[in-house]
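Top to bottom, those sequences are chains A and B.
Residues in the first sequence are numbered consecutively from 1, following my numbering.
Residues in the second sequence are numbered consecutively from 1, following my numbering.
Honestly, the hints are just simulated from the structure, not real lab data.
Any given hint could be a false lead.
Unchecked claim - So the derived label-pair ranges between C-beta atoms look like this:
no.	chain 1	residue 1	chain 2	residue 2	range
1	A	GLU56	B	GLY96	25 to 35 Å
2	A	ALA29	B	ALA61	44 to 54 Å
3	B	GLY40	A	ASN55	25 to 35 Å
4	A	LYS79	B	LEU27	26 to 36 Å
5	B	THR97	A	THR61	36 to 46 Å
Said to hold, decoys possible - Quick look at which bits of chain B chain A covers, simulated, 3 or more residues with Cβ under 8 Å:
no.	stretch
6	11 to 20
7	66 to 76
C-beta: ideal position from N, C-alpha, C; glycine also.
Each chain is listed here by its residues.
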Amino acid sequence: RKEVEQDPGPFNVPEGATVAFNCTYSNSASQSFFWYRQDCRKEPKLLMSVYSSGNEDGRFTAQLNRASQYISLLIRDSKLSDSATYLCVADLNQGGKLIFGQGTELSVKP
Amino acid sequence: DGGITQSPKYLFRKEGQNVTLSCEQNLNHDAMYWYRQDPGQGLRLIYYSQIVNDFQKGDIAEGYSVSREKKESFPLTVTSAQKNPTAFYLCASSGGTHNSPLHFGNGTRLTVT
């Protein structure tokens, strides 16, 4: 089992749609979780940290489910500009080791 | 402005040569990381360092070496022992504490022929 695993993509959705990504992690002691966005041939950019109580930033909502060991990202009212690859990151409770999932590609169509 | 600088942006080398990728940060971050990304893939951890003069292997450390002599610098050497060195290399730093996110440099695209 991979340490951090994401939904396979690509996700092709129309503008205005709501789309959700999940990411599972293997280490139950993991404490820190993040969602990053990566545009083609660029470096990843932080989208959101994921807090235990869940958090929201505009159209984006992140949730943590410790019992089932996954985090999720919900994007409401999708825009064309949301098209990108979304990467989840989890620490492995091993002195700062941060591991990425393989990424999920999102394509928002007019 | 604070940030992470990777250089060069593009690097070309012949097979059998060692090459060193530069990574400098002025964010006063304790932790620094090197990741490798292949086309259509996620980021894989090569090495990471939580403090000066200390570093740990990530998941794919074979064929790579690093040093952390200064807080702001974490150079990565791709040795001739690395079987498939052509890739996009990303350096990152973080505050090193719980819930400190990673801040990335612009990356170096290495092509070995």
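- C-beta pair GLY40 (chain B), ASN55 (chain A): status relative to the range 25 to 35 Å that was hinted: holds, 30 Å
- Does the Cβ pair LYS79 (chain A), LEU27 (chain B) satisfy 26 to 36 Å? holds, 30 Å
- Task: Take the stretch 66 to 76 of chain B, compare each residue's beta carbon with every beta carbon of chain A, and decide whether three or more fall closer than 8 Å.
- Result: Violated, because only 0 residues of the stretch 66 to 76 of chain B bring their Cβ atoms closer than 8 Å to Cβ atoms of chain A.
- Message: 36 to 46 Å was suggested as the range; check whether the CB atoms of THR97 (chain B) and THR61 (chain A) agree with it.
- Response: Once the Cβ atoms are compared, 25 Å apart, the range 36 to 46 Å for THR61 (chain A) and THR97 (chain B) is violated.
- Query: Has the hinted range 44 to 54 Å been met by the Cβ atoms of ALA29 (chain A) and ALA61 (chain B)?
  - Reply: violated, 23 Å
- Task: Go check the stretch 11 to 20 of chain B versus chain A for me, would you? Three or more residues, Cβ under 8 Å, otherwise it fails.
- Result: Our answer is that it is violated, as 0 residues pass the Cβ test (under 8 Å) against chain A, missing three.
- Satisfaction of the hinted span 25 to 35 Å by the C-beta atoms belonging to GLU56 (chain A) and GLY96 (chain B): With a Cβ separation near 27 Å, GLU56 (chain A) and GLY96 (chain B) satisfy 25 to 35 Å, so the hint holds.
Against the hints set out earlier in the document, violations occur for numbers 2, 5, 6, 7.
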